Amino acid sequence: MKKVTIGSGSAFWGDMLEPAVEMAERSNVQYIGFDHLAELTMALLNRMKTKDPMKGYIPDIIPWMEKMLPVTKPKGIKIITNAGGANPIQAGVEVKKVVQNMNLGPMNIGVISGDDILPYIDEIQAQGWKFTNMDTGEEDIDSIRDKIVAANAYIGADLIIEELQNGADVIIAGRVSDNALYVGPLMHEFGWDFTEKYTQKIAAAITIGHIIECSGCVTGGMSNMWRVSERPWEIGFPIAEVTEDGNAVITKTPDSGGIVNEWTIKEHLIYETVDPNNYKMPDGIADFTALTIKEEERNRVRITNMNGQKRPDTLKTCIGYRDGFIGEGLIFFPWPDALEKAKWSANWIRERFKSMNIEFDELRIDYIGVNMLHGESAPVVDKDLNEVGLRISARTKTWKEAELVRRETTHLWTMGPVGSSFGVPLNVRPVIALWPTLVPREAVKAQSQLLEVK
Amino acid sequence: MAKTLLKDLVFARSGDKGDVCNIGLMAKTRNIYDFLLDTLTAESIKEHFKGMVKGDVIIYPMPNINSVDVVLNRSLGGGATCTLRFDQTGKSMCSALQRMEVDADESLIKEAMEADEAIMKKYTV
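Taken in order, these protein sequences are the chains called W and S.
No gaps in the numbering here: position 34 of the first sequence is 33 in numbering that gives the first Met the number 0, and each next residue is one more.
No gaps in the numbering here: position 88 of the second sequence is 87 in numbering that gives the first Met the number 0, and each next residue is one more.
Treat the hints with care, since some could be wrong.
As the list claims (entries may be wrong) - Mimicking PhoX-like on lysine-lysine, the simulated pairs with C-alpha atoms at most 20 Å apart in a straight line are:
#: 1; chain 1: W; residue 1: 2; chain 2: W; residue 2: 54
#: 2; chain 1: W; residue 1: 95; chain 2: W; residue 2: 315
#: 3; chain 1: W; residue 1: 66; chain 2: W; residue 2: 2
#: 4; chain 1: S; residue 1: 45; chain 2: W; residue 2: 315
#: 5; chain 1: W; residue 1: 293; chain 2: S; residue 2: 120
#: 6; chain 1: W; residue 1: 293; chain 2: S; residue 2: 121
#: 7; chain 1: S; residue 1: 45; chain 2: W; residue 2: 279
#: 8; chain 1: S; residue 1: 121; chain 2: S; residue 2: 90
#: 9; chain 1: S; residue 1: 120; chain 2: S; residue 2: 2
#: 10; chain 1: W; residue 1: 396; chain 2: W; residue 2: 146
#: 11; chain 1: W; residue 1: 96; chain 2: W; residue 2: 72
#: 12; chain 1: W; residue 1: 146; chain 2: W; residue 2: 399
To be verified - With beta-carbon atoms standing in for the labels, derived distance ranges:
#: 13; chain 1: W; residue 1: 69; chain 2: S; residue 2: 42; range: 55 to 65 Å
#: 14; chain 1: S; residue 1: 109; chain 2: W; residue 2: 226; range: 19 to 29 Å
#: 15; chain 1: W; residue 1: 190; chain 2: S; residue 2: 105; range: 49 to 59 Å
#: 16; chain 1: S; residue 1: 40; chain 2: W; residue 2: 242; range: 40 to 50 Å
#: 17; chain 1: S; residue 1: 100; chain 2: W; residue 2: 426; range: 33 to 43 Å
#: 18; chain 1: S; residue 1: 6; chain 2: W; residue 2: 386; range: 50 to 60 Å
#: 19; chain 1: W; residue 1: 242; chain 2: S; residue 2: 119; range: 24 to 34 Å
#: 20; chain 1: W; residue 1: 190; chain 2: S; residue 2: 62; range: 29 to 39 Å
#: 21; chain 1: S; residue 1: 6; chain 2: W; residue 2: 118; range: 24 to 34 Å
#: 22; chain 1: W; residue 1: 127; chain 2: S; residue 2: 100; range: 48 to 58 Å
None of these hints come from the bench; they were simulated from the model.
None of these values were measured; they are calculated from a predicted model.
Backbone N, C-alpha and C define an ideal beta-carbon position, used for all residues, glycine too.
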């Protein structure tokens, strides 16, 4: 039975590079997917592109391709990435230069763009479409219309398949869904299409993509297995060996550290899964509640019986809009009476803010070491702790007010109880809020092209 | 019956999608999974978080992997990009739920302890 081997090389902008290089060097993967885009990343990249039309892609992609391509080219490993971000065409041009400068040709670079729907929002709205906010149910997109900085649809595997058929060795896309980076090559290799005949197979590909797409998070990262992860500092990234029947074995780079077992698969299967019966992706809807997980041998886990439904008629779209600023500050208090000192200081800052008439959308006080992470669900502390931190943060409408918040927290450094300790000031940051919504599939004008290096 | 913490019965991991936090609770045995279904309710979980969860709580059973997916709507201060929470993406919410106290049979608590030891022993190199 035909088998295809795919690996995950990156889960976010800033992920570790070495495990991806090691995967290419040591394993027999045919494809490596590199996801670089989180929900906020598109808004940041759009801002970079507004400042400089030649930017707006993930800048790391250049040094990464310089490291990856000399390894992947001789072995025929194909790379699929969404590092194109807000400017996939320019990213393609830059990667082409890398290929030329390093004499790695002949090589074909597929470029996928057109996920940016910002230019068509009014047009789609005029056709009677409501951009209902999936989190809040709000329908009034006009309330944020003049603050929108980015609107990108999560597109599926269609054009990845097309460019692989055209002979692409590297594919640089914009906001292609993380998942499609893995569904695309599987559909291409096995000849699966979007007809009903292959619905189960595509659901399996989506499930496999979901399991490996967060790189080290299924091989011992963020894991309940942290105590038993082998040489975790040499963590290997995940590899899926997928057979034509829609089953798979999940493993990792040979001779690497980390761990793949029943539990790392389970914890990742549920990770960021809001409804496990309906895991909606642009290429289909997977059901995680029937599949079977079985350990075959150390660091090899077989997944079978994956299924789901056909792809939805809509595409998820993230609209990012400017929504004020955050000012924050940190200060730490030593034993004795550390928590009492922190509370005294929280009161001091509240009184200061009151007398300064600062208007907040929200003010938050956290006691680090006491309740910063578990909030109200944390039990009351009744012993004299070694040290306690105070974190003061506020969201404001204007930069000026956020700066006043930040600045006033630094005054507490020298106006508070004895022993108060501080580091360096933090910066005020702008808030890009997200309005997650759906758009009709046909409203998204995705397109692709092939850049050839002889 | 005896009081125990969910921590002793399940592994857990959490993450975010916008303002929604979801927590996977992976029962250490099948009996514990059955116990979770009988014991956990949307109300008791919302109560445990004492006001941190503004929206509905939904519990999805995953019988194939002895796990439940606990979904906390409107629980992350508006979502990662605008929240004032230090833990913007809700990664620590899993252990916040593991603090929940439940009444269980002594035999189930013993089973959980033995299962945990066996799992860790199995994977120790």
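* Looking back at the numbered hints, which does the structure fail to meet, lowest number first? -> 1, 2, 3, 4, 7, 8, 9, 18 and 21
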